[in-house]
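J.: Sequence:
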Amino acid sequence: MNAPPAQSPGIRLCILSVCVASVLLVEARLALRADAATLEEIFALPFASQLTAAPAGGHVAWLSEESGIRNVWIASPPGYEARPLTAYETDDGEEIRQLVFSSDGRTLFFVRGSPSNPLSKPEPEEQAIWSVLIDDGSPSRIAEGNSPAASPAGDRLAFLRRGEPWIVPLDGGEAERLFRTRGRVSSLRWSPDGSRLAFVNERGEFAYGHSDYSFVGIFDLRERKITWIDPAVYRDHAPVWSPDGHRLAFVRMRPPLTRRTGYSPRRDLEPWSIRVADPKSGRGREIFRTSAGSGSVFQGVVAENPILWAAEDRIVFPWQKDGWLHLYSIAATGGTPVLLTPGEYEVEHVTLNPRRNVVIYSSNEGDPDRRHIWQVPVSGEERDLLTPGRGIETSPAITSDGEVLVFVGSNADSPSEPMMMRRNETPRPLRPANDQPRPVLAEPQPLQLTAEDGVSSYAQISQPKIARGRRAPAVIYLHGGPQGRQQLLGWPHGQIHYHHDYAFTQYLASRGYVVLTLNYRGGAGYGLEFRDPAERGVVGASEYRDVLAAARYLRGREDVDPGRIALWGASWGGYLTALGLARNSDLFAAGVIFYGPYDWVRMWSGHAIPETSDQELKERVRKLARESSPIASVDGWRSPVLIVHGGEDRSVDFEQAVVMAEDLRARGVEVETVVHPDEPHGFLVHRHVLEAYRAAGDFLDRRIGAHTASR
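To convert, count from 1 in the sequence shown and add 3; that's this note's numbering.
To be clear, the hints were calculated from the coordinates, so they are not data collected in a lab. Be aware that a few hints might be false.
Below 25 Å or equal to it, Euclidean Cα-Cα: the simulated SDA-like pairs (lysine to any residue) are [to be verified]: (1) Lys124 x Glu694; (2) Lys124 x Asp681; (3) Lys228 x Asp281; (4) Lys124 x Asp95; (5) Lys324 x Asp370.
Between the sequences and the hints, there should be enough to build the whole structure, so can you do that?
T.: Next up, the structure:
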């Protein structure tokens with residue numbers, strides 16, 4: 004692994020030897036207090052996400068969630084003292100997301116509500132776009148819809164309503180539909196002069212979140228006409244304007260129509276490319292194409308757009324050519340790409356500074372199970388490490404004056420909070436901490452495990468203090484995803500569901516359980532070979548070998564009772580939990596499954612398995628998918644299980660829970676359930692969340708006993 008480069012001039016933000024996490028929050032402590040933390044107090048810890056910087060005025064905003072109450076917060080120069088911008092007071096399950104500033108930075112737009120109705124209201128709340136003036140703080144409803152895109156002139160707001168493009172004047176006028184087209188529209192992108200909107204038009208059959216094929220188009224608001232940009236038989240997406248508005252770049256991928264891959268490895272698709280087009284004529288040319296093999300499948304990063312048009316007329320894009328997800332830049336006219344982030348690590352969050360000549364990103368360089376923030380010029384010179392230490396730093400953004408770096412920070416002891424780092428000053432939290440004492444939590448320790456096939460996987464262990472000579476029960480936690488997901492050495496970022504899962508691991512550790520969090524193959528952070536392994540999921544469940552490696556490790560520990568090891572997982576982790584109970588009830592005494600798949604063949608009416616026109620191959624694939632499913636081994640399932648699922652789950656059919664419970668009860672297996680008929684994949688109402696995890700804790704206490712460790 005490459006050593007971190009020497010620090011060089013650039014934004015020249017404060018680089019201190021002090022650990023950011025130690026400034027961020029209280030020092031992590033290994034000692035567990037005698038009285039175990041309650042579920043309520045751990046789950047009440049706040050969670051910050053969606054940090055965004057205004058294009059003018061220096062403001063930064065974010066979403067804060069506390070006990071199911073969601074509010075938008077703001078911090079402004081010069082003091083950057085945080086204050087709430089909204090004042091919602093109830094646990095109503097209404098999501099807030101898609102925070103967008105106006106071009107002058109004086110107004111913030113956000114979306115409140117979701118397609119779900121988690122409280123089963125007779126009249127569900129609508130999903131609507133709201134605006135709030137930074138200096139006023141009184142939200143106003145703009146229109147029903149989502150995905151707001153503020154015009155550069157600040158006079159109009161484009162948005163989507165049920166997959167159709169709409170626009171509304173911000174002087175109080177009525178919203179109107181922009182145009183109609185087949186399929187659905189996404190990715191609205193204003194031209195720099197505000198006269199045109201680029202968009203993606205997805206068509207065909209929609210399965211597992213993707214359409215069969217898609218086009219990039221431009222709608223001219225003056226002439227009221229659509230220009231299709233270099234249309235072909237592919238999936239075109241991620242349009243981005245050049246700063247002068249004279250060109251449009253986008254990514255072209257092979258559609259999954261004839262070789263749908265579902266949840267199987269995806270290494271052999273036709274190489275993807277970047278094209279640059281003339282917005283007026285629609286004619287385009289290829290400036291970059293990946294080579295066959297490693298990196299031929301597009302893997303995105305967390306960014307405003309998957310590709311970014313930077314200064315010096317260069318385009319920044321992600322590519323896993325060498326088996327690691329890195330950033331490259333290329334001239335907009337074509338040529339040889341420049342590798343910006345060399346080494347055996349992966350990039351996750353990416354943005355540009357206001358001058359667009361420096362890339363700010365998070366990665367796990369030199370610290371595989373954490374994230375830190377780096378910067379590199381778009382021309383590819385030396386990189387700067389901006390946030391050293393033992394914390395976890397993600398979601399970087401630079402204020403509009405280029406003077407302040409903001410990011411989301413956490414560590415093992417304290418959850419995600421927005422942070423700021425000014426030139427030559429110590430980093431500090433944007434939101435002052437309250438005086439209430441926080442529960443003392445366990446600090447996870449890293450592990451590396453080896454499966455029987457020789458593949459290494461990675462894990463963290465959280466362990467309580469146990470009296471010498473006594474053995475404790477153990478739980479293996481299996482995260483969801485799995486691609487794009489990696490459990491870190493501390494509180495997670497991104498989605499509230501993983502925040503809840505980490506809180507529960509801490510709750511279990513505080514109650515005397517040894518908790519092993521497994522980063523099984525298929526997840527992010529450890530390179531392409533690990534993230535997209537052969538025979539994974541539907542075509543062999545190779546990642547289950549890592550679960551067995553974790554079980555062997557725990558059974559070999561002197562402080563673990565080998566007869567009291569349980570599995571617990573959500574989504575894909577729920578699938579692996581079910582697989583473990585079905586195949587190895589001799590190893591796993593109990594299991595907790597949060598909305599996990601049970602039968603790949605039935606999942607999404609068969610769309611979860613690879614598709615082919617070869618009938619003989621299709622039958623072999625279906626057979627393999629069945630063998631890779633828990634249902635294939637259900638006759639060996641003996642251990643009791645708790646099944647948690649929402650009836651409005653659009654990611655894992657609720658039918659999966661129904662069939663699983665029915666099959667198990669028919670075989671005399673003890674089944675307990677927690678069901679909310681209108682909750683989606685990952686519950687939205689906090690009291691429903693508490694009910695589910697409280698049931699999980701009670702179930703594990705009764706089944707493997709937290710407080711009765713054997714000798």
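J.: Against each hint, give a clear statement of whether it holds in the structure.
T.: Structure-based check of each hint:
| no. | hint | in the structure |
| --- | --- | --- |
| 1 | Lys124 x Glu694 | holds (19 Å) |
| 2 | Lys124 x Asp681 | holds (10 Å) |
| 3 | Lys228 x Asp281 | holds (16 Å) |
| 4 | Lys124 x Asp95 | holds (10 Å) |
| 5 | Lys324 x Asp370 | holds (21 Å) |
Checked against the numbered hints above, the structure breaks none of them.
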